[in-house]
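These protein sequence lines are chains A and B, in that order.
Each residue of the first sequence is one higher than the last, beginning at 73 in our numbering.
Each residue of the second sequence is one higher than the last, beginning at 73 in our numbering.
A couple of the hints might just be wrong.
One copy or two, either will do: identical chains are not told apart, so a pair holds if it fits within one copy or between any two.
Claimed, not checked - Result set (PhoX-like, lysine-lysine): computed pairs, CA atoms no more than 20 Å apart in a straight line: (1) K161 x K184; (2) K78 x K134; (3) K133 x K105; (4) K161 x K133; (5) K170 x K79; (6) K207 x K233; (7) K79 x K133; (8) K233 x K170; (9) K78 x K191; (10) K207 x K192; (11) K170 x K133; (12) K233 x K191; (13) K108 x K143; (14) K165 x K78; (15) K109 x K192; (16) K143 x K105; (17) K207 x K225.
Don't read these hints as lab results, they were simulated from the structure.
All figures in this text were calculated on a predicted structure; none of them were measured in a lab.
Number of protein chains: 2
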Amino acid sequence: MREMTKKFLEDAFAGESMAHMKYLIFADEAEKKGLKKLANAFRAIAYAEFVHARNHFRALKKLGDTPDNIKSCIAGETFEIEEMYPVYKETAKLQEEKEAQISTHYALEAEKIHAEMYKKALNLVNEGQDYDAEKIYICPVCGYTAEDVAPEKCPVCGAPKSAFVEF
Amino acid sequence: MREMTKKFLEDAFAGESMAHMKYLIFADEAEKKGLKKLANAFRAIAYAEFVHARNHFRALKKLGDTPDNIKSCIAGETFEIEEMYPVYKETAKLQEEKEAQISTHYALEAEKIHAEMYKKALNLVNEGQDYDAEKIYICPVCGYTAEDVAPEKCPVCGAPKSAFVEF
Ligand SMILES: [Fe+2]
Ligand SMILES: [Fe+2]
Ligand SMILES: [Fe+2]
Ligand SMILES: [Fe+2]
Ligand SMILES: [Fe+2]
Ligand SMILES: [Fe+2]
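Using the sequences and the accompanying hints, generate a full structural model.
Here it is as structure tokens:
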């Protein structure tokens, strides 16, 4: 693929992903205000942006077979753990930005778990097996990720077991 | 907020949004291969990245009240319609990149509708009302967006009515 087209598709994938995310965040906010149909519109349009992002992703030939997809996840999580979040968290500390210190700390802790999960997934898939967790529980405050059973209290942010979202 | 912390949080929001999107795309692919538990793990971890993105977004003070949120959507869609996608689409044509021509054309057409929907939403919310569409239908091929009833055939990509996703 030509360089400029590739660059633009990558930027378009980033833009669509951020629009999708923003609309999901705004949907929850509208829902809280009792604006149910507005929340539904935000979620519907967020799905349209998902379709656009997926089209750009496919055009970029980034959708591979399952082991390659998992490897790309391991690479992304590892970059965040080893490079990105330690730098962002240290910068927030240096600049005394409290909220940014918390949001980068929360992310860093969860990414460590995600990297291990994806490594396990790659081993299982390479052996011809599906993933092995029946249920996965996510902390809605910090993103802490647990398999099979939610903790009594989130070890990262202290949120109660009842708040965890089950998948 | 200090400049470098702000820059890093913006980059982290982009990174989390793209990770979220990638995991949703991989979840569908795993599901198609019959790997149900792997698909579930991708979706659970995608939700954790949503939590991270939302934390960064809040720390950046980008979550406003409902009219401000809608204005930010109008601005984003308008930029895509007037600046981003016309340039990307023209570049794909110039460079004879067929798939990129299609994926940027599909996005451009849908964003025009989204901008109008958000303008209508802003007027309604300013009058103290909720959005006025009971149902919204999205084309899963191109993201074409219709209110109240799905078209017999997608006017942008030709997908049949039965393929539309209802919200
Ligand atoms: Fe889009
Ligand atoms: Fe992660
Ligand atoms: Fe937590
Ligand atoms: Fe994350
Ligand atoms: Fe849009
Ligand atoms: Fe379509």
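Now the hints, each set against the structure:
Within a single copy, K161 and K184 get their C-alpha atoms as close as 15 Å, which meets the 20 Å cut-off; across copies the closest is 39 Å, which misses it. With identical chains, the CA atoms of K78 and K134 are at most 20 Å apart within one copy only, with a shortest distance of 11 Å there and 29 Å across copies. In this homomeric assembly, K133 and K105 come within 20 Å of each other (Cα to Cα) only across copies, at 18 Å, whereas the closest approach inside a single copy is 41 Å. Only between protomers do K161 and K133 lie at most 20 Å apart by alpha-carbon distance; the minimum there is 18 Å, versus 33 Å within a single protomer.
Within a single copy, K170 and K79 get their C-alpha atoms only as close as 35 Å, which misses the 20 Å cut-off; across copies the closest is 15 Å, which meets it. Proximity of K207 and K233 under a CA criterion of 20 Å is satisfied intra-copy only: 14 Å inside one chain copy versus 35 Å between copies. In this assembly of identical chains, the alpha carbons of K79 and K133 lie at most 20 Å apart only when taken from the same copy (13 Å versus 29 Å across copies). Taking the closest pair of Cα atoms, K233 and K170 never come within 20 Å of each other, the shortest separation being 26 Å inside a single copy and 50 Å across copies.
In the homo-oligomer, the alpha carbons of K78 and K191 never lie at most 20 Å apart, since the shortest distance is 29 Å inside one protomer and 32 Å across protomers. For the homomeric pair K207 and K192, the shortest alpha-carbon distance inside one copy (15 Å) is at most 20 Å, but the shortest distance between copies (41 Å) is not. With identical chains, the CA atoms of K170 and K133 are at most 20 Å apart between copies only, with a shortest distance of 13 Å across copies and 40 Å within one. When the C-alpha separation of K233 and K191 is checked against a cutoff of 20 Å, the pair qualifies neither within a copy, at 26 Å, nor between copies, at 41 Å.
Taking the shortest alpha-carbon separations for K108 and K143, only the inter-copy value of 18 Å comes in at or below 20 Å, while the best intra-copy value is 39 Å. Within a single copy, K165 and K78 get their C-alpha atoms only as close as 36 Å, which misses the 20 Å cut-off; across copies the closest is 13 Å, which meets it. With identical chains, the CA atoms of K109 and K192 are at most 20 Å apart between copies only, with a shortest distance of 13 Å across copies and 41 Å within one. In the homo-oligomer, the alpha carbons of K143 and K105 lie at most 20 Å apart only across protomers (17 Å), although the nearest pairing inside one protomer, at 41 Å, exceeds that limit.
When the C-alpha separation of K207 and K225 is checked against a cutoff of 20 Å, the pair qualifies only within one copy, where the shortest distance is 17 Å, while the shortest distance between copies is 39 Å.
This entry does not satisfy hints 8, 9 and 12, going by the numbered hints stated previously.
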